[in-house]
Amino acid sequence: MEVMLPEMGEDIKEATVSFWHFDEGEKVSEGDDLVEMVTDKASFNVPSPVAGVLSEILSQEGETAKIGDVIAIIEEEK
Amino acid sequence: MKPFPQWIKRQLPIKEINEMNELLKDSGLHTVCISAHCPNIGECFKNKEATFLILGNICTRNCLFCSVKKGVPNPPDSKEPEKIADAVKKLGLDYVVITSVTRDDLADGGAGHFVNTIRAIRNKNPKVRIETLAPDFNNNLNAINKIILEKIDVFAHNIETVPRLYESIRPRAMPCGSPHGEAVGRQADYNNSLNILKYVKNNSDILIKSSIILGFGETEQEILETITSLRSAGCDIIAIGQYLKPTKGCVEVREFVNPDKFDYYADFAKSIGINAVLSAPFVRSSYKAREIYEEISNGSHVA
Numbered sequence: 001m002e003v004m005l006p007e008m009g010e011d012i013k014e015a016t017v018s019f020w021h022f023d024e025g026e027k028v029s030e031g032d033d034l035v036e037m038v039t040d041k042a043s044f045n046v047p048s049p050v051a052g053v054l055s056e057i058l059s060q061e062g063e064t065a066k067i068g069d070v071i072a073i074i075e076e077e078k
Numbered sequence: 001m002k003p004f005p006q007w008i009k010r011q012l013p014i015k016e017i018n019e020m021n022e023l024l025k026d027s028g029l030h031t032v033c034i035s036a037h038c039p040n041i042g043e044c045f046k047n048k049e050a051t052f053l054i055l056g057n058i059c060t061r062n063c064l065f066c067s068v069k070k071g072v073p074n075p076p077d078s079k080e081p082e083k084i085a086d087a088v089k090k091l092g093l094d095y096v097v098i099t100s101v102t103r104d105d106l107a108d109g110g111a112g113h114f115v116n117t118i119r120a121i122r123n124k125n126p127k128v129r130i131e132t133l134a135p136d137f138n139n140n141l142n143a144i145n146k147i148i149l150e151k152i153d154v155f156a157h158n159i160e161t162v163p164r165l166y167e168s169i170r171p172r173a174m175p176c177g178s179p180h181g182e183a184v185g186r187q188a189d190y191n192n193s194l195n196i197l198k199y200v201k202n203n204s205d206i207l208i209k210s211s212i213i214l215g216f217g218e219t220e221q222e223i224l225e226t227i228t229s230l231r232s233a234g235c236d237i238i239a240i241g242q243y244l245k246p247t248k249g250c251v252e253v254r255e256f257v258n259p260d261k262f263d264y265y266a267d268f269a270k271s272i273g274i275n276a277v278l279s280a281p282f283v284r285s286s287y288k289a290r291e292i293y294e295e296i297s298n299g300s301h302v303a
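Order-wise, the sequence lines are chains A and B. Quick note, in this note's numbering, the first sequence goes up one by one and the last residue is 78. Quick note, in this note's numbering, the second sequence goes up one by one and the last residue is 303.
Quick caveat, the hints were computed from the structure, so don't treat them as lab data. These figures come from a predicted structure and were not determined experimentally. Glycine included, every Cβ here is placed at the ideal spot set by N, Cα and C. Incorrect hints may appear among the rest.
[What the hints assert, rightly or not] Covered stretches of chain B, going by a simulated chain A footprint (3 or more residues, C-beta under 8 Å):
no.: 1; region: 3 to 11
no.: 2; region: 15 to 27
no.: 3; region: 35 to 45
no.: 4; region: 232 to 246
[As the list claims (entries may be wrong)] Using 30 Å as the maximum straight-line C-alpha spacing, the simulated DSS-like pairs for lysine-lysine come out as follows:
no.: 5; chain 1: B; residue 1: Lys127; chain 2: B; residue 2: Lys79
no.: 6; chain 1: B; residue 1: Lys245; chain 2: A; residue 2: Lys66
no.: 7; chain 1: A; residue 1: Lys13; chain 2: B; residue 2: Lys48
no.: 8; chain 1: B; residue 1: Lys46; chain 2: A; residue 2: Lys66
no.: 9; chain 1: A; residue 1: Lys13; chain 2: B; residue 2: Lys288
no.: 10; chain 1: B; residue 1: Lys9; chain 2: A; residue 2: Lys66
no.: 11; chain 1: B; residue 1: Lys90; chain 2: B; residue 2: Lys79
no.: 12; chain 1: A; residue 1: Lys13; chain 2: B; residue 2: Lys127
no.: 13; chain 1: B; residue 1: Lys124; chain 2: A; residue 2: Lys13
no.: 14; chain 1: B; residue 1: Lys83; chain 2: A; residue 2: Lys13
no.: 15; chain 1: B; residue 1: Lys270; chain 2: B; residue 2: Lys248
no.: 16; chain 1: B; residue 1: Lys15; chain 2: A; residue 2: Lys78
no.: 17; chain 1: A; residue 1: Lys66; chain 2: B; residue 2: Lys248
no.: 18; chain 1: B; residue 1: Lys15; chain 2: A; residue 2: Lys13
no.: 19; chain 1: B; residue 1: Lys15; chain 2: A; residue 2: Lys27
no.: 20; chain 1: B; residue 1: Lys9; chain 2: A; residue 2: Lys27
no.: 21; chain 1: A; residue 1: Lys13; chain 2: B; residue 2: Lys9
no.: 22; chain 1: B; residue 1: Lys270; chain 2: A; residue 2: Lys13
no.: 23; chain 1: B; residue 1: Lys25; chain 2: B; residue 2: Lys127
no.: 24; chain 1: B; residue 1: Lys48; chain 2: B; residue 2: Lys124
no.: 25; chain 1: B; residue 1: Lys124; chain 2: A; residue 2: Lys78
no.: 26; chain 1: A; residue 1: Lys13; chain 2: B; residue 2: Lys245
no.: 27; chain 1: A; residue 1: Lys66; chain 2: B; residue 2: Lys48
no.: 28; chain 1: B; residue 1: Lys124; chain 2: A; residue 2: Lys66
no.: 29; chain 1: B; residue 1: Lys46; chain 2: A; residue 2: Lys27
no.: 30; chain 1: B; residue 1: Lys48; chain 2: A; residue 2: Lys78
no.: 31; chain 1: A; residue 1: Lys66; chain 2: B; residue 2: Lys15
Use the sequences and the hints to build the structure in full.
This is the structure in structure tokens:
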């Protein structure tokens, strides 16, 4: 599944990745804190929406992602 | 950008936020959650809770802590009350908070539209409890009377900050104008706001609520005095939270107030007789609005 940055404010266009709590290839459970992101307003922990393997990180630490961008791909547990 | 202290961190549950965005998108309604970049969006949207922003999403005031757009608003949408009533039903809300931008351009400040919205909501959702977070209506008591007569459950009006900071944080500078060009925005006034709370308290049985934002450079003494003024005005519920700069044009955060300090202000408020107090960095005016209402109306105090 594609992990997409959701709309969180009228003029919030982007958020910056502070750090990933997991490395590529690691298993994650649903609800685990996946990544910490920072907007102008606050910092946020994004919980993993599903259980599976974090197969790809598309927004690296320090990089900025736009609302709607896919920041990671999780291969769901069957 | 000033780094956030470790306590300024929230959860951002993607699935639940998207679901709620989807539910609200089709209705064309505005929420203060989205307009004000509220950091609690994850928690509230997960619970399918939102605070509706009526009378458009353009404000005639220029408060420097707020990310709601400023300028010349459009005429009120006469279909909005019905749309809100439908959304309340769709979300299955049993407690709803209605707030608005300030409409200095309208003769009644939008009070009539509040009334229409309250009635439409009740018509379709007879059991729902309603809290209005009202603007100051330019101190127009006729406008406030209209709202009182609807016998809402909670009347909220935010004092926002200490009196010394009104001029710098809620300035007179008015970027807005009427369609005819003249400036229509007014300046918020600390004493007016206190008088509104007092007026509603003295003329109704409605619970009274107000909120203070910390982090603009106010002193402890000033905060204690403001809490005391709210108590004298008859506030039953107060909410105290940390200012977070929502967007570039807004004032900087002067101080991230330590969570212990929020507890201290809560203890003080309770010690002078305010029964229901929410005080923590992420508290906003409508945060846990239903919970605090239920606790106070059940006669138990909030811990």
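Checked hints:
1. Only when three residues or more bring their CB closer than 8 Å to a CB of chain A does the claim for the region 3 to 11 of chain B stand; here the count is 5, and the claim holds.
2. Coverage of a stretch by a chain is defined here by at least three residues with a beta carbon nearer than 8 Å to that chain's beta carbons; for the region 15 to 27 of chain B and chain A the count is 4, and the condition holds.
3. Under a criterion of three residues with beta carbons nearer than 8 Å to beta carbons of chain A, the stated coverage of the region 35 to 45 of chain B is upheld, 7 such residues being counted.
4. Counting residues of the region 232 to 246 of chain B whose C-beta sits closer than 8 Å to any C-beta of chain A gives 3, which meets the bar of three, so the coverage hint holds.
5. In summary, the hint linking Lys127/B to Lys79/B is supported, as the alpha carbons are separated by about 22 Å, within the 30 Å threshold.
6. Between Lys245/B and Lys66/A the alpha-carbon distance is near 19 Å, which keeps this suggested pair within the 30 Å criterion.
7. At most 30 Å may separate the alpha-carbon atoms for a hinted pair to count; Lys13/A and Lys48/B meet this at roughly 23 Å.
8. Using a Cα cut-off of 30 Å, the hinted pair Lys46/B and Lys66/A holds, with the two alpha carbons roughly 22 Å apart.
9. As the CA atoms of Lys13/A and Lys288/B are separated by approximately 27 Å, the hinted pair is consistent with the 30 Å bound.
10. Note on Lys9/B and Lys66/A: the hinted pairing holds, with a Cα-Cα distance of about 20 Å set against a maximum of 30 Å.
11. With a C-alpha separation of about 17 Å, the suggested pair Lys90/B and Lys79/B falls inside the 30 Å cut-off, and the hint holds.
12. Pair hint Lys13/A plus Lys127/B does not hold up; C-alpha atoms about 38 Å apart against a cutoff of 30 Å.
13. Using a Cα cut-off of 30 Å, the hinted pair Lys124/B and Lys13/A is violated, with the two alpha carbons roughly 36 Å apart.
14. With a C-alpha separation of about 27 Å, the suggested pair Lys83/B and Lys13/A falls inside the 30 Å cut-off, and the hint holds.
15. In summary, the hint linking Lys270/B to Lys248/B is not supported, as the alpha carbons are separated by about 36 Å, beyond the 30 Å threshold.
16. Between the alpha carbons of Lys15/B and Lys78/A the distance comes to roughly 19 Å, so the proposed pair stays at or under 30 Å and holds.
17. Restraint check: the Cα-Cα separation between Lys66/A and Lys248/B comes to about 17 Å, which is no more than 30 Å; the hinted pair holds.
18. The straight-line distance between the Cα atoms of Lys15/B and Lys13/A is roughly 18 Å, inside the 30 Å bound, and the hint therefore holds.
19. Pair hint Lys15/B plus Lys27/A holds up; C-alpha atoms about 19 Å apart against a cutoff of 30 Å.
20. Simply put, Lys9/B and Lys27/A have alpha-carbon atoms about 24 Å apart, close enough for the 30 Å limit, and the pair holds.
21. This hinted pair checks out: Lys13/A and Lys9/B have alpha carbons roughly 19 Å apart, not beyond 30 Å.
22. Among the hinted pairs, Lys270/B with Lys13/A is inconsistent with the structure: their alpha-carbon atoms are about 40 Å apart, more than 30 Å.
23. Restraint check for Lys25/B and Lys127/B: satisfied, since their Cα atoms lie roughly 25 Å apart, inside the 30 Å limit.
24. With a C-alpha separation of about 18 Å, the suggested pair Lys48/B and Lys124/B falls inside the 30 Å cut-off, and the hint holds.
25. Restraint check: the Cα-Cα separation between Lys124/B and Lys78/A comes to about 43 Å, which exceeds 30 Å; the hinted pair is violated.
26. Proximity of Lys13/A to Lys245/B is assessed by CA-CA distance (about 15 Å); at most 30 Å being required, the pair is judged to hold.
27. Distance check on the hinted pair: Lys66/A and Lys48/B sit about 25 Å apart at the alpha-carbon level, within 30 Å; holds.
28. Taking the CA atoms of Lys124/B and Lys66/A, the gap is about 39 Å. The hint is violated against a cut of 30 Å.
29. Distance check on the hinted pair: Lys46/B and Lys27/A sit about 24 Å apart at the alpha-carbon level, within 30 Å; holds.
30. For the suggested pair Lys48/B and Lys78/A, the alpha carbons sit about 29 Å apart, so the restraint of at most 30 Å is met.
31. With a C-alpha separation of about 17 Å, the suggested pairing of Lys66/A with Lys15/B holds against the 30 Å cut-off.
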